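Chemist: Spelled out, the chains give:
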Amino acid sequence: MSCGFSLTNVEKGYSGISVLTGVTACFESGRTHVLMGPSGSGKTTLLRLLAGLETPDAGEVGRSGVERLAMTFQEDRLCDNLTVTANVRLPHARLRGAERAAFLELEREACAAVGLPCDARPVRELSGGQRRRVSILRCVLADADAFLFDEPLKGMDEKTVDAVMDFVLPRLAGRTTLWVTHDERELSRFDDPVLWRVEGGRVISCS
Amino acid sequence: MARAGERGAEKDGRLRTWAVRLACVAFWLVVWELGARAIDARIILVGPLEVLARLAQLATTGEFWASVGVSLGRIGVGFLTAVIAGTALAALASRVTVVRELLAPVMGAMKAVPVASFVILVLLWVSSSYLSVVIALVMALPIVYTNVLEGILQTDPGLLEMCDVFGVLGWDRVRLVYASQVLPYFRVAVTLALGLAWKAGIAAEVIGLPDFTIGEHLYDAKVYLDTPDLFAWTVAIVVVSVTLETVVRRLLDRVVVRWEARP
Numbered sequence: 001m002s003c004g005f006s007l008t009n010v011e012k013g014y015s016g017i018s019v020l021t022g023v024t025a026c027f028e029s030g031r032t033h034v035l036m037g038p039s040g041s042g043k044t045t046l047l048r049l050l051a052g053l054e055t056p057d058a059g060e061v062g063r064s065g066v067e068r069l070a071m072t073f074q075e076d077r078l079c080d081n082l083t084v085t086a087n088v089r090l091p092h093a094r095l096r097g098a099e100r101a102a103f104l105e106l107e108r109e110a111c112a113a114v115g116l117p118c119d120a121r122p123v124r125e126l127s128g129g130q131r132r133r134v135s136i137l138r139c140v141l142a143d144a145d146a147f148l149f150d151e152p153l154k155g156m157d158e159k160t161v162d163a164v165m166d167f168v169l170p171r172l173a174g175r176t177t178l179w180v181t182h183d184e185r186e187l188s189r190f191d192d193p194v195l196w197r198v199e200g201g202r203v204i205s206c207s
Numbered sequence: 001m002a003r004a005g006e007r008g009a010e011k012d013g014r015l016r017t018w019a020v021r022l023a024c025v026a027f028w029l030v031v032w033e034l035g036a037r038a039i040d041a042r043i044i045l046v047g048p049l050e051v052l053a054r055l056a057q058l059a060t061t062g063e064f065w066a067s068v069g070v071s072l073g074r075i076g077v078g079f080l081t082a083v084i085a086g087t088a089l090a091a092l093a094s095r096v097t098v099v100r101e102l103l104a105p106v107m108g109a110m111k112a113v114p115v116a117s118f119v120i121l122v123l124l125w126v127s128s129s130y131l132s133v134v135i136a137l138v139m140a141l142p143i144v145y146t147n148v149l150e151g152i153l154q155t156d157p158g159l160l161e162m163c164d165v166f167g168v169l170g171w172d173r174v175r176l177v178y179a180s181q182v183l184p185y186f187r188v189a190v191t192l193a194l195g196l197a198w199k200a201g202i203a204a205e206v207i208g209l210p211d212f213t214i215g216e217h218l219y220d221a222k223v224y225l226d227t228p229d230l231f232a233w234t235v236a237i238v239v240v241s242v243t244l245e246t247v248v249r250r251l252l253d254r255v256v257v258r259w260e261a262r263p
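Line by line, the protein sequences give chains A and B.
Okay, so the first sequence: first residue is 1 according to our numbering, each after it adds one.
Okay, so the second sequence: first residue is 1 according to our numbering, each after it adds one.
Watch out, some of these pointers could steer you wrong.
What the hints assert, rightly or not - For each label pair, taking beta carbons as the anchor points, the in silico distance ranges come out as:
1. Leu169(B) with Ser2(A): 24 to 32 Å
2. Ala120(A) with Leu45(B): 46 to 54 Å
3. Arg21(B) with Tyr14(A): 52 to 60 Å
Because the hints were derived from the structure by calculation, they are not lab data.
As the structure is a prediction and not an experimental result, all values here were calculated from the model.
Just so it is clear, CB atoms sit at the ideal spot from N, CA and C, and this is done for glycine as well.
Taking the hints into account, I'd like the entire structure generated from these sequences.
Modeler: Right under this line is the structure:
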C-alpha cells in the first residue's frame, strides 16, 4: 500500500493547547478517505498540515506522488470581484486561446450541473450556498493529484447535495481524496471509502 | 413589469436629485449676483454674469486654450508619474519591510510639508517650467503609495493561502488576487490625488510663474487687480478639475466593471 499522505508521530497545538498528539497515519493513494469527529477535534488542523499550510510541532508529514493539490476550505475563499468562471478557473490561470475556451465550456457545463448561474455577475452577489458550490467546482476542476475537502456540503439542502455529488464523485475516482464531514449520511455517497475518526488528539482508522 | 416600474422610479429619483442640485446652485448664483450688486465695487466682487461673459471672451482666445493645455499637460505628467511610482513603490514596500520602514518618514513628510515650502525648495532645484510637474508628483505620490500599500496589506490572507495550495504564484497571483483586492483602494487614491495635484500644481504656477500657464494668468489678474479675470480663471480651474475627476472616475469604473465581468 502506498501512502499518498502520511503522518509520523505528528504533534500540533496552538497557544499551548494540544490538538494532535503523536498521530501516525497513512492515507492510501488513489482512495477516498472520510474523516469524522466532533468539533475542535483537529480535522481542519490535519488537512492544513497535509496541505503544507501548517508545520507540525514534532513528527513528520509526508507526501508521495502528490505534486498538485486542490482544496475546499471551511470558508469559501473566493475572489469576490471575479465571476463564477473566473474563480473556478483560478488554478488554471495560465490557460490561453483554445485551451481556455475549452475549459470555459467545461466550466459552463459544471455550473449547469450543480445549478449555478454562469453570468457576468461577480461572486459577491451570489448567495452563501452558491458561493460554496463555486468553491467546490474550483477544487474539483483543478488539475490536481489529490483533493482535500473541509466540510464542503455544510448547510446545503438535500437536492443541491445530490446535484453536487453527482458531478463531483466521478471526478474523484482513482484520486487521493480526504473528505472531512460531520454528517454520517455523506458516508453512504462514497463507494468503499476509508473511514477515519479524529478524536482526543488521535487519528484512528475505522475501516 | 415590476422591473420596468422600478427602473422608472429610479429614473424619477435621479431626476429629482439633479433638480434639487441645480436649484441649490441657482440659489447661490442668485445670492452671488445680488451680493455683487449690493457691494457695487468690481474690484472686490464681480457677479456671475460678468464672470461668465469674461470667461466666454477668454475662451475665444488661443492663449486661454494654450495656457490650459500647458498647465494640464505638465500637471498630468507629474500626476501620472506619481501614480506609476506610487504603485511600484507600494508593491515593493509590501514585500520588503526595510523599504516600507525607509519610505514611511519620507511619505509622512511629503504629506505634512506645506505646498508653498515645496514650491520654494523646488524652484531652487529646477526651472520654473518643471515646477508644476514636480509639485503634482510630490502631492499625489504619498496618496497613491499609502492607499495602494494599504490595499495590498489588507489582501485577505485566506486568499493567499488558497493560492499557495493551488499553486497560483507570481504574476498570476498579482493579476487575479492582488489586483481585484487593490483596485478599490487604487480608485479612491487616483480620484483623491488628481484633485489635489491639480490644485497644488496651479498654486505652484502662481508662485513660480512659468510662461503660458493658468497660474501666470491668475498672478497677472492679482497684480492688475483684474477681478473679473481672477474669477474667470478660477471658474476655468474648477471646470477642468470637475471634468477631469468625472472622466477619470468613469474610466476607472468602466475598467472595474469590465474586469469584474470577465468570464
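Chemist: Does the hinted range 52 to 60 Å hold for Arg21(B) and Tyr14(A) at CB?
Modeler: Given range 52 to 60 Å: holds, Cβ gap about 56 Å.
Chemist: Is 24 to 32 Å a correct range for the gap between the Cβ atoms of Leu169(B) and Ser2(A)?
Modeler: holds (28 Å)
Chemist: Falls inside 46 to 54 Å, the C-beta gap from Ala120(A) to Leu45(B)?
Modeler: holds (53 Å)
In summary, the structure agrees with every hint in the numbered list given earlier.
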